[in-house]
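Engineer: My request is simple: use the sequences and hints to build the entire structure.
Keeping their order, the protein sequence lines are chains A and B. So the first sequence is numbered by this note's numbering: it starts at 5 and just counts up by one. So the second sequence is numbered by this note's numbering: it starts at 5 and just counts up by one.
Worth flagging that the hints you see were computed from the coordinates, not collected in a lab. What you are looking at is a predicted structure, and each value in this text was computed from that prediction instead of being measured. Errors might be hidden in some of the hints.
When chains are identical, the list treats them as one kind, so a pair holds in a single copy or across two.
What the hints assert, rightly or not - DSSO-like, lysine-lysine: derived pairs with alpha carbons at most 27 Å apart:
no., residue 1, residue 2
1, 13, 87
2, 57, 13
3, 167, 57
4, 166, 31
5, 13, 31
There are 2 protein chains.
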Amino acid sequence: MNLPLFPSKLLENAVNEFASLPGIGRKTAFRLVMHLLRRSEGDVSRFGESVIKLRSEIRYCRDCHNISDNEACNVCSDPLRDKSIICVVESIQDVMAIENTRQYRGVYHVLGGIISPVDGIGPGDLNIGSLVKKAESGTISEIILALSTTMEGDTTNYYLFKKLGHTGIDITTLARGVSVGDELEYIDELTLGRSLVNRTPFSM
Amino acid sequence: MNLPLFPSKLLENAVNEFASLPGIGRKTAFRLVMHLLRRSEGDVSRFGESVIKLRSEIRYCRDCHNISDNEACNVCSDPLRDKSIICVVESIQDVMAIENTRQYRGVYHVLGGIISPVDGIGPGDLNIGSLVKKAESGTISEIILALSTTMEGDTTNYYLFKKLGHTGIDITTLARGVSVGDELEYIDELTLGRSLVNRTPFSM
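Structural biologist: Structural data, given as structure tokens:
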């Protein structure tokens, strides 16, 4: 079924808006819109409001650029977090993924992207200046570079290392190794090699 | 990645709303919301408005119950359409599907569902009264029952036939037969049998 003839402009507008989202085609968009039409008016207006408010009222933490409802995000404003350790990540999703592990007690710094000449993203487009300023403040003991293990991630790591090296702060990166649940025969040789070189004492 | 710890209530609300749509899980909802955050504020507010307006301003044609921006939908208000032929369909999607064929010049009647005791939908929940009234007005020459070829569709067809039989109007149904592109060996015997009984003169 193509959808060329909409009986209503309102319907067409809503379908077009949904179809503009990534991974949602026109048929799915139409199905979603027909679903919304069957919901109560209060329900649908709550949906719309939540989208509008999300974009218009969202704030970013003045310290780490994480999403926040206040001036400082709930990580930066938590007195139990160690402010001397900064974990540098690409995006808010990465903050949430690391928070999910419940293994990290430092704070974050969200770059808002990664250096990618192909996509036209240079260091100037990222939150690097504020990171360097933090590093130069003398209160930081360690910076963990937790970027993707891609070429872009490596480029950004290298750039940051150059920018931060003069501060003398420990700069670390996530351990490369075998994923939990991996079968050895299917692991790429680079990862397997690294996991051998960086082997750790056995513990139960 | 589970998503238990949202850094912002606004973000969480928007994700929950998207995840309430059919076929959209929490991960997809989160991805869509993060996408919206990267779009301009005007863009996102247009998205939200289109959803709210869709539900609050949508109207249904007073004649055929199709979706409409005006009192009469664009089919019913088209002077070139033959008002004496009514095609009875389950939903607005069906109207659009038939309109798409560009083969039909009559008008529609949208039932708004189909009789389905399992789902608790009885004749009283559907737009059947207004159809009977139209049929009794004496201006209708043919009623085409274009419902799904399921048990619910057959039940509804039977009910409508009972309700409309006394008017003496021609009551027809969509031809059952071989789909365009079908290979004979894979067609169910019921459809194949019907298509043999109702065979049509060959034409080029």
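Engineer: Please flag the earlier hints that this structure goes against, numbers listed from lowest up.
Structural biologist: 3, 4
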